[in-house]
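S.K.: Could you build all of it, start to finish, from the sequences and the hints given here?
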Amino acid sequence: MQQAFRSRRRFLGLAAATLAAVGAAAPLTAIAAELADAFPARPIRFVVPFPSGSGTDTTARMFAKKIGELTGQGVVVENKPGGNGFIGVQTALNAPADGYTVFIGSNSTLSTNAATFRRLPYDPLTDFAPITLLSRGPCVIIVPTSSPYRTLTELLEDARKRPGALNYGTGSISYTLYSEWLNELARIKTTAVPYKGAGDAINGVMAANVDFAVVDATGAIELVRGGKVRALAFTAPQRSPLLPDVPSIVEAGLQDFLAYNWVAAAVSAKTPPAVVRRLQDLFAQAGNAPDVRDYYTRQSTKLILSSPAEMRQYQKDEIQRWKRLAAVAKIPLQ
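Under the working numbering, the first residue of the sequence shown is numbered 1, with each subsequent residue one higher.
Please keep in mind that the hints were generated in silico from the structure rather than gathered at the bench. Hints should not be assumed to be uniformly reliable.
Label pairs and their calculated CB-CB ranges [said to hold, decoys possible]: (1) N94 to R160: 11 to 21 Å; (2) G74 to R162: 51 to 61 Å; (3) A95 to S146: 40 to 50 Å; (4) N209 to R162: 14 to 24 Å; (5) E251 to R136: 20 to 30 Å; (6) T145 to G72: 38 to 48 Å; (7) K65 to A207: 25 to 35 Å; (8) R277 to D158: 45 to 55 Å; (9) A327 to D291: 37 to 47 Å; (10) A95 to G253: 45 to 55 Å; (11) T153 to G72: 51 to 61 Å; (12) N94 to R42: 15 to 25 Å; (13) R150 to L242: 16 to 26 Å; (14) A284 to R150: 36 to 46 Å.
Cut-off 30 Å, straight-line C-alpha distance, at most; resulting in silico cross-link-like pairs (DSBU-like, lysine-lysine) [unchecked claim]: (15) K330 to K316; (16) K80 to K323; (17) K323 to K65; (18) K189 to K228.
All residues carry an ideal CB built from backbone N, CA and C; glycine is no exception.
M.R.: So, in structure tokens, the structure goes:
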């Protein structure tokens, strides 16, 4: 408490000193740069548009812990699932644009939605200022342990024999798009069962409420190891050393079905650039910490720290890729 009080007092003192020194006519950017040096002076909030336990949530909590250690300020992770990520997006954008509310989003909220919704209530390229990419990893196709399918080939063969009979769980528009893309590539027809997030979709598979799901590998690996669900294939060119007995999608005969999820950090576009740079520096320090790097070497998800400019270009490229996939999967704009 005393440390937080001293930090806040230092922050306010610096603000007053800066204003007195430069005067009312001083450029606001200069003031913002001075204040950014003292950032953060109070706890930060990470808004995650998916439930606890999702791959995005796991990444958010890893960085929240480390940034909290680096700054001496608490970093609270707030889950706001539902509405294809819109609830979390609006929560982040409606907060003051001061850097104390950071949006930890995924390809769904930061690229896919822009490619699949006719009237999106936000623009991921103009409403958000990019901070950094954080992680990227493959998906895994899972079925209940009670499922008769032991291989992806068995699932696809049965789906071809019974069009529309099988269903899949989906926790966001990205997973829906991947599943419909699978339908198109494999020449099958299966039905979507929507959930609030990937974790809920995985629970649906565990309870055998759906026949299969394409999910982020991060949230599924331990469940596969623990015998809670069965993995049929990784959506990557090679097998994962974490689950060496699970075939790659190439081995399963669908070499074009390379499905990845990524996580990134952003803030309101109205946030002072100096604060954005400070946040990017904090995320870079956190990501380069030995324990964080060690964590990601043991995951299917890889660390991919970037500059704001690199993240923005990646977003643009991903939006175009998702538009192409939506066309291939014949998904109409929502």
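S.K.: Hint numbers the structure violates, sorted upward?
M.R.: 1, 17
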